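Asks: Can you make the complete structure from the sequences, with help from the hints?
Residue numbers (this note's numbering), protein chains in the order written: chain A, 34 to 706; chain B, 34 to 706; chain C, 34 to 706.
One thing to keep in mind: the hints can contain errors.
Given that identical chains are not distinguished, each listed pair holds provided it fits within a single copy or across any two copies.
Heads up, simulated EDC-like pairs for lysine to aspartate or glutamate below, C-alpha to C-alpha not over 20 Å straight-line [what the hints assert, rightly or not]: (1) Lys164 x Asp96; (2) Lys125 x Asp226; (3) Lys494 x Glu441; (4) Lys270 x Glu163; (5) Lys204 x Asp290; (6) Lys82 x Glu228; (7) Lys138 x Asp191; (8) Lys138 x Asp239; (9) Lys666 x Asp592; (10) Lys125 x Asp191.
Think of the hints as simulated: they come from the structure by calculation, not from any bench.
The structure displayed is predicted, hence computed values, not measured ones.
One-letter residues, chain by chain:
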Amino acid sequence: MINRKLPTIWYGGDYNPDQWPEAIWHEDMALFQKAGINIVTLPVFSWAKLQPSEDVYSFEWLDKLLDLIEQNGIYACLATSTAAQPAWMSRKYPEVLPVDIDGRKRSHGSRVNFCPNSETYRYYSTRLAEKLAERYGSHPALLIWHIGNEYGPHCYCDQCASAFRVWLQKKYQTIEEVNKQWNMSFWGHTVYDWEEIVPPTNLNGDNRCFQSMTLDYKRFMSDSILACYQGEYDAVKRITPELPVTTNIWGLFNGLDLHTWGKHMDVVSWDSYPQMNEPMCNVAMRHDYMRGLKDGQPFMLMEQTPSQQNWQPYNSLKRPGVMRLWSYQAVARGADTVMFFQLRRSFGACEKYHGAVIEHVGHEETRVFRECAQLGAELKELGDTLLDSRLESKVALLFDIDTWNAIEITSGPNVDLNYASQAQKYYKAFYDMNVGVDVISPLSDLSGYQLVVAPVFYMLKPGVAERVKSFVEQGGTFVTTFFSGIVNENDLVTLGGYPGELRGLLGIWVEEIDSLPPELKNRIIVETPFGHVTGEYACGMLCDLLHLEGATSLAVYGDDFYAGMPVLTENAYGKGKAYYVATDADERFISDLCASLCDQLGLAAPLRADSGIELTQRHKDGKTFTFVLNHNKQQASVHLNKRAYRDLLSRSEYAPESAVTLAAYGVMILEEV
Amino acid sequence: MINRKLPTIWYGGDYNPDQWPEAIWHEDMALFQKAGINIVTLPVFSWAKLQPSEDVYSFEWLDKLLDLIEQNGIYACLATSTAAQPAWMSRKYPEVLPVDIDGRKRSHGSRVNFCPNSETYRYYSTRLAEKLAERYGSHPALLIWHIGNEYGPHCYCDQCASAFRVWLQKKYQTIEEVNKQWNMSFWGHTVYDWEEIVPPTNLNGDNRCFQSMTLDYKRFMSDSILACYQGEYDAVKRITPELPVTTNIWGLFNGLDLHTWGKHMDVVSWDSYPQMNEPMCNVAMRHDYMRGLKDGQPFMLMEQTPSQQNWQPYNSLKRPGVMRLWSYQAVARGADTVMFFQLRRSFGACEKYHGAVIEHVGHEETRVFRECAQLGAELKELGDTLLDSRLESKVALLFDIDTWNAIEITSGPNVDLNYASQAQKYYKAFYDMNVGVDVISPLSDLSGYQLVVAPVFYMLKPGVAERVKSFVEQGGTFVTTFFSGIVNENDLVTLGGYPGELRGLLGIWVEEIDSLPPELKNRIIVETPFGHVTGEYACGMLCDLLHLEGATSLAVYGDDFYAGMPVLTENAYGKGKAYYVATDADERFISDLCASLCDQLGLAAPLRADSGIELTQRHKDGKTFTFVLNHNKQQASVHLNKRAYRDLLSRSEYAPESAVTLAAYGVMILEEV
Amino acid sequence: MINRKLPTIWYGGDYNPDQWPEAIWHEDMALFQKAGINIVTLPVFSWAKLQPSEDVYSFEWLDKLLDLIEQNGIYACLATSTAAQPAWMSRKYPEVLPVDIDGRKRSHGSRVNFCPNSETYRYYSTRLAEKLAERYGSHPALLIWHIGNEYGPHCYCDQCASAFRVWLQKKYQTIEEVNKQWNMSFWGHTVYDWEEIVPPTNLNGDNRCFQSMTLDYKRFMSDSILACYQGEYDAVKRITPELPVTTNIWGLFNGLDLHTWGKHMDVVSWDSYPQMNEPMCNVAMRHDYMRGLKDGQPFMLMEQTPSQQNWQPYNSLKRPGVMRLWSYQAVARGADTVMFFQLRRSFGACEKYHGAVIEHVGHEETRVFRECAQLGAELKELGDTLLDSRLESKVALLFDIDTWNAIEITSGPNVDLNYASQAQKYYKAFYDMNVGVDVISPLSDLSGYQLVVAPVFYMLKPGVAERVKSFVEQGGTFVTTFFSGIVNENDLVTLGGYPGELRGLLGIWVEEIDSLPPELKNRIIVETPFGHVTGEYACGMLCDLLHLEGATSLAVYGDDFYAGMPVLTENAYGKGKAYYVATDADERFISDLCASLCDQLGLAAPLRADSGIELTQRHKDGKTFTFVLNHNKQQASVHLNKRAYRDLLSRSEYAPESAVTLAAYGVMILEEV
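Replies: Here it is as structure tokens:
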């Protein structure tokens with residue numbers, strides 16, 4: 034459990050009482066209780082109120098608040114409030130303000146608008162965290178620390194440039210090594226002095242000329258920002274070693290090296306804001322990715338909106354039942370909390386049109402409040418039943434932030450290549466089959482999996498190829514695609530023939546990589562039917578022209594001068610098999626391929642269900658909880674197996690082999706009877 | 034009359050003789066006379082010539098010019114020439130150069146490129162106006178002062194930041210009040226010192242984080258620029274108190290608070306540059322808006338092009354007859370002048386492809402010149418007949434610059450919401466029926482109207498709600514729409530339920546606001562036919578989910594989870610009625626609704642006419658002048674009523690009940706015989 | 034010959050051994066020999082390696098390299114390596130870094146990222162060139178000097194501003210003349226002191242307000258950059274007067290005044306990177322343009338890719354045979370070299386996905402290498418047969434960089450007007466007929482031509498009109514189009530009626546210019562059939578409304594208020610004829626018109642060929658070499674005339690009147706037997 038003091042699914046969210054008069058606080062308490070809210074996150078943005086000037090701290094209002102929530106049986110996710118420094122600080126110490134990638138010195142305002150290498154920022158943010166820990170470390174309402182908020186933006190100021198040079202010295206020791214690892218002899222960029230290195234910005238012409246440098250700068254920025262977080266982490270941990278610490282992540286975000294960050298968080302938390310009409314498989318993948326940041330440990334859903342967002346182009350209301358459905362989806366994929374931004378809707382500034390549990394009308398007689406209260410009651414009923422239960426997946430999808438960044442900044446071969454989309458395409462195939470997937474780093478332990486999928490396995494860091502080979506050798510099944518094994522961790526090409534270190538494992542040599550515009554397509558012609566993979570499929574974007582070096586060709590290109598060349602290959606390696614998909618295949622091909630592999634490996638959905646129903650399982654103490662989530666706007670059915678089940682939510686029981694119908698957006702959590 | 038010295042419709046325009054040798058001036062005079070031109074605007078951009086260095090003024094060339102035009106029977110709209118400061122000033126006093134919203138210090142060049150809070154700019158611009166007044170105040174050719182030119186761009190420099198703080202101190206007195214009125218506790222933006230306030234620019238990340246601050250900055254900028262204008266105004270007025278003063282407005286422009294500006298102008302003038310293929314109702318609305326800036330007083334059409342523009346993507350020629358038609362449209366809607374940019378076409382720099390009365394060929398044997406001369410002759414014939422006549426409208430459309438800005442900078446709920454477009458949609462319904470509309474500020478006197486329409490009445494300033502309630506109480510009819518009554522003048526939400534202060538008047542409570550992307554629509558299903566409003570209509574973008582609190586539902590939504598909820602409501606209030614349109618309805622609905630209201634109130638077109646014919650009436654001394662404007666490319670007819678009419682232009686007389694055919698682009702000004 | 038030391042078509046390209054260990058150099062030599070490579074360009078980007086600090090030069094590695102290539106029978110195109118200054122220079126002398134058009138000071142990085150008016154840059158770049166010449170001037174491998182690389186970007190820093198003022202003083206002598214030539218009285222921009230002139234940047238609001246100033250700034254920049262080139266040119270020429278000097282041009286590029294640059298190059302060289310799916314006629318036109326920069330003298334194809342590019346959105350492979358075909362196309366149009374970027378593919382930084390003769394796999398067993406080697410063998414066989422042969426064209430297409438720039442920065446009348454596209458449209462008509470065209474400056478000698486075509490002959494520099502008139506007077510045929518004769522060399526309108534100085538020659542007066550958006554079209558109705566020109570055609574964008582002043586109307590507009598006005602006119606002038614196409618006609622019209630003119634003048638393709646076959650002829654010592662290039666993906670045929678031919682490549686002989694079939698992408702070079 035995240036904290037045994039509250040042994041139930043935490044339910045609540047961001048609360049900004051400092052925007053409201055005290056009289057409202059008491060109304061809030063009454064409403065929170067009606068809604069079943071048991072945790073509030075605060076004070077996320079109150080640094081200016083907590084430290085009105087350099088030498089003055091003011092905590093009395095927060096004392097009162099924490100006591101008030103405690104009196105109302107509510108707990109606190111205590112935020113350190115350091116995501117937006119006070120205006121006096123920006124004014125007195127302008128070096129806290131960042132410089133953007135266009136070289137513009139920023140002015141005070143907005144949030145996460147500080148230089149992560151500012152000593153002033155680090156000193157005062159750490160000091161505030163420390164003071165909060167000293168004052169509230171033993172407050173009975175305190176459950177967890179929340180450091181900063183949605184860390185992210187990068188800075189390119191001179192103090193960052195200096196810190197970058199120090200970071201590089203530590204990493205590479207010599208300037209000669211930098212020149213070598215960045216291939217600085219290209220375009221005559223050889224440097225002879227550390228001071229000659231300048232951050233890659235748009236003032237260089239193109240911040241992506243030297244991908245190796247840009248990647249290192251991104252890593253350095255992730256480390257710099259992490260140091261801000263870590264300063265606060267250490268400060269609160271020193272005083273309250275027993276309390277867990279987290280910070281909320283933006284989702285599938287490439288501005289930070291999240292796998293590293295995960296190691297520094299006691300529990301991962303994140304903010305889920307799907308785009309309008311975004312496929313649910315993408316949301317599911319983000320949950321799985323978050324779960325993977327700490328090896329499957331339950332995570333926190335720190336923010337979602339109860340009704341609508343404000344910063345998207347079109348901010349539709351969540352339809353009745355959808356908020357509940359999506360909340361359970363989070364839990365179904367490993368969340369042990371359901372939390373909102375925001376509990377009461379602001380009346381001014383840029384988030385006043387962001388939904389909240391308590392709307393501008395101020396009372397509970399709203400659809401949104403009613404839905405929140407219904408969910409609150411249900412979660413209360415669930416108690417600790419699900420807490421700490423785990424998902425068990427036999428399929429791993431490898432996903433790597435550095436690879437994402439490297440592909441985003443590459444020059445060539447095709448602007449349409451999007452790493453995250455490629456991962457999502459393969460993820461979707463398993464999602465649609467309701468076969469569970471762990472989304473993990475290529476550096477993770479692969480031994481527990483039967484199938485490892487690595488779409489666009491472009492960058493191979495040291496040891497990764499060996500790890501994958503060993504996985505296959507020992508009987509694992511591995512699938513990768515075009516544009517894999519191309520570069521090392523510094524984005525330098527592995528010479529001697531693509532796919533580099535994977536050439537032996539895959540038994541192929543890729544001689545050339547053709548790049549097609551969206552209007553040009555090729556075809557995949559299956560010569561040796563492979564399970565569901567048969568007939569013809571469309572493909573395009575990138576087409577590897579490959580030669581077999583031991584692998585078997587299952588399908589070939591249908592068109593162009595490389596018609597007849599292998600496009601899907603299988604290679605026996607040790608006790609396992611390695612597959613290569615040489616092109617950007619259509620959805621049907623990926624679906625058929627993944628289905629065939631699942632069949633081969635005996636992987637299947639826990640139950641048979643209509644299309645649009647999502648199924649997952651969490652396991653704990655020998656029990657299995659099967660989540661049944663109907664994402665359809667209409668009712669749909671799930672077909673039970675030979676066991677009898679009970680739904681934890683409705684308490685209904687279902688006989689073996691029965692077909693159970695869920696209402697539109699309906700949810701069940703089935704436990705075997 | 035604007036000035037009794039020239040008791041006819043002023044006809045002429047911008048004249049830049051300082052770009053030409055003196056020999057050309059004499060040719061110009063001859064051509065002006067052939068064209069019937071009686072007024073020239075000058076010198077609009079001659080500051081550098083009038084003041085070649087800091088201590089030297091040079092007026093001799095202008096003396097000569099004014100004498101020359103006077104000798105030729107032409108009058109002057111004397112411009113103060115302060116829209117573009119001399120290069121020596123920008124060089125010696127760099128603080129006159131502005132800083133843009135991206136924080137970039139501008140360099141010298143272009144026009145209206147000065148900081149409105151520059152003391153240097155204000156000092157020298159006022160001084161030049163004063164010198165011109167001293168020298169030419171009693172010149173017989175002088176009819177009116179023209180201050181600056183197309184004021185507009187905003188500045189974000191440090192001197193503006195300082196002046197902004199002073200402006201805020203005057204408005205709010207205390208820093209606490211600023212924090213409160215801007216909700217600065219949001220995202221921890223509380224300030225403790227005036228110096229901590231920085232202008233909202235793109236260097237803050239998003240200049241629209243704090244809408245209240247951004248709105249205040251826009252108001253402050255409007256005031257700052259107005260102070261530049263006012264300085265010159267006072268200078269010339271001190272010397273020539275009897276002469277009217279104006280400055281030309283860009284049209285429907287949200288960079289200045291035009292209703293305030295109107296109060297400081299003796300006569301409103303504006304520049305009409307319709308976009309290609311822009312519906313004529315939009316142009317008509319701009320004329321009506323300009324007329325409304327000074328309560329219906331006749332205004333000046335200061336600029337229009339005789340043939341083509343240069344700065345639009347596609348600068349088509351005005352087809353034969355169109356320039357004349359559009360000139361009369363201006364008069365039909367309240368203009369007492371018809372003026373051009375420009376009289377002679379420049380031969381160099383960025384406006385050389387902008388049309389002119391005298392084209393590059395330099396003689397009068399051109400289509401454009403002939404059309405100008407024909408119009409000049411007609412206007413001469415009209416003499417003072419129409420001068421000072423007024424339009425009388427029973428319908429008011431409320432339009433507010435602050436609301437426009439607030440909606441433009443809002444974050445959520447729907448990027449497609451465009452305040453001006455919403456106003457145009459309702460305006461069009463009346464335009465198409467040829468029912469006259471005044472476009473006025475919500476702070477105007479409403480007592481003379483039968484029907485007040487306020488599309489997207491989002492922001493209610495102090496007293497406005499009371500004013501509208503009182504209007505309805507006394508028997509008026511009021512129509513407003515979705516997203517109304519939401520915020521106060523500082524863009525802070527009125528808590529307690531939408532539409533805030535209008536809730537009682539409208540008898541409804543809006544619980545939620547759904548936001549739809551363009552591809553999603555809903556339907557309006559009429560349950561209680563209301564005049565022409567019957568059957569079904571399409572709607573979308575924003576859909577209020579509302580509950581009746583006394584109002585009657587006339588129509589409901591047809592789709593989605595709020596199908597059956599009211600979408601058109603009617604509420605009896607005192608002796609009048611208030612209507613609410615809860616969504617962005619299609620054009621047909623708005624047309625049917627407005628037609629029904631007109632029927633109910635007995636409002637109708639002055640005559641029956643074919644589609645595409647615009648009708649207006651100006652009244653004076655008991656006489657009524659009915660303008661008939663055929664915007665069709667083909668001939669079309671107007672059907673007279675039981676009176677006999679004479680056309681002031683053709684002198685033709687028409688029997689009662691006759692159907693009179695106008696040629697394509699034809700115009701008549703009918704007076705009862 | 035460019036250099037008699039290597040009397041064959043030079044074959045090789047950019048070689049960057051400094052990115053590789055020495056062991057690889059030896060592999061390179063072996064592979065170069067297998068590929069038939071006889072020239073390498075180097076060191077293009079090695080300044081930092083050649084001059085690791087301000088006082089230290091390091092040439093030993095280059096000594097070794099040049100000796101190595103010489104030992105392997107390979108020659109050097111010796112580059113001066115000055116396109117990217119060392120980082121130490123940018124750091125120690127920040128004034129070498131440029132300021133961009135947005136006023137941003139650039140930081141070190143990328144390439145061609147220096148201020149061309151930096152004394153430091155000029156000093157050290159010239160000094161490096163001199164040192165290279167001193168050291169290698171007599172090296173036996175040295176064939177030619179290659180200065181800098183792809184010169185281009187402009188700078189707007191203060192030192193450029195100062196230099197601009199000096200440049201202007203030299204050009205105009207007095208500030209009054211500047212005011213006059215730039216029409217600075219417009220918008221009150223009159224300046225009184227040279228210091229008041231600031232470069233036209235985006236900080237002025239719009240860098241194109243004063244087109245005359247902007248044009249002069251572009252000319253000044255071209256001159257400034259040329260001075261950098263010239264400094265190096267003079268340095269190497271002083272030491273090696275006998276060696277030719279070049280620099281590689283970007284293609285059809287308007288950032289430099291290429292006709293002036295051509296005069297300063299001993300041989301023109303350029304880099305050919307067609308966009309994907311770009312019509313081959315555009316590539317052909319660029320070759321012809323390059324040939325025209327030095328009056329038909331053979332040029333160098335300095336760079337092309339053997340396989341794919343990296344910096345385009347979609348970097349497709351060149352299909353088998355295409356690299357060979359395009360190489361011969363260059364030769365067919367006047368190239369005496371076939372060179373690549375690059376010989377060995379980089380393993381890091383932004384060009385690692387740019388194709389190369391030696392791919393990342395590092396050996397010769399690739400399709401690309403095989404095709405390169407095949408071509409190398411063929412070129413070796415050709416020996417000096419084709420060297421110094423010339424094309425002979427009877428058609429000239431006038432193309433002018435200043436006109437291009439003037440139209441690009443014009444404000445009005447139509448944003449869709451693209452000068453280069455207009456030239457390409459007319460070029461295509463001749464290309465499709467296989468009638469040779471010289472693409473030359475309007476200031477070139479026209480006496481050798483029968484037909485001169487000047488699409489959008491917008492700007493007439495001093496003497497150009499006279500030159501064209503004299504050409505027609507003496508029997509030439511001249512064709513021009515809408516928007517011609519409008520301005521003088523400073524973009525000031527020629528007053529008195531369009532098309533200005535061409536009015537007499539063309540026998541027309543253009544009264545107005547209508548501008549249409551893409552969705553509006555007009556029609557050309559042929560009243561007097563003119564060869565193939567008959568019936569109706571579509572037209573649009575710009576439509577001149579013109580009156581005949583001696584010319585004959587051949588066709589009229591079909592629509593709009595100017596229906597019936599002439600749109601195609603013919604005017605007899607002296608012994609010749611001048612044609613005017615008053616609008617942007619469709620492709621079919623231009624094709625029919627050009628075909629008719631060719632028929633009239635007896636101009637025809639050298640042979641009859643299927644569509645998609647390109648034919649050119651090079652002549653030398655009484656011999657004619659006919660290039661037959663099949664751009665089709667399928668086989669196609671050429672039909673011989675009454676002569677017998679031999680193909681230099683296959684050595685096949687063909688009987689008179691035979692139809693010879695070429696394979697897809699096939700090439701023949703026919704010589705009469």
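Asks: Hint by hint, note whether the structure agrees.
Replies: Hints, one by one, checked against the model:
Only within a single protomer do Lys164 and Asp96 lie at most 20 Å apart by alpha-carbon distance; the minimum there is 13 Å, versus 66 Å between protomers. In this assembly of identical chains, Lys125 and Asp226 lie within 20 Å of each other by CA distance solely across copies; the values are 12 Å between and 33 Å within a copy. Taking identical chains as interchangeable, the C-alpha atoms of Lys494 and Glu441 lie at most 20 Å apart only when both belong to the same chain, with a minimum of 17 Å there against 48 Å between chains. In this assembly of identical chains, Lys270 and Glu163 lie within 20 Å of each other by CA distance solely inside one copy; the values are 9 Å within and 65 Å between copies.
When the C-alpha separation of Lys204 and Asp290 is checked against a cutoff of 20 Å, the pair qualifies only within one copy, where the shortest distance is 16 Å, while the shortest distance between copies is 47 Å. Taking the closest pair of Cα atoms, Lys82 and Glu228 come within 20 Å of each other only across two copies (17 Å); inside a single copy the shortest separation is 40 Å, beyond that limit. Taking CA atoms no more than 20 Å apart as the test, Lys138 paired with Asp191 passes in both settings, with 11 Å inside one copy and 15 Å between copies. In this assembly of identical chains, Lys138 and Asp239 lie within 20 Å of each other by CA distance both inside one copy and across copies; the values are 19 Å within and 14 Å between.
For the identical chains of this complex, Lys666 and Asp592 are inter-copy neighbours only, at 13 Å across copies versus 41 Å inside a copy, given an alpha-carbon limit of 20 Å. Taking CA atoms no more than 20 Å apart as the test, Lys125 paired with Asp191 passes in both settings, with 18 Å inside one copy and 16 Å between copies.
When the structure is compared with the earlier hints, no violation turns up for any of them.
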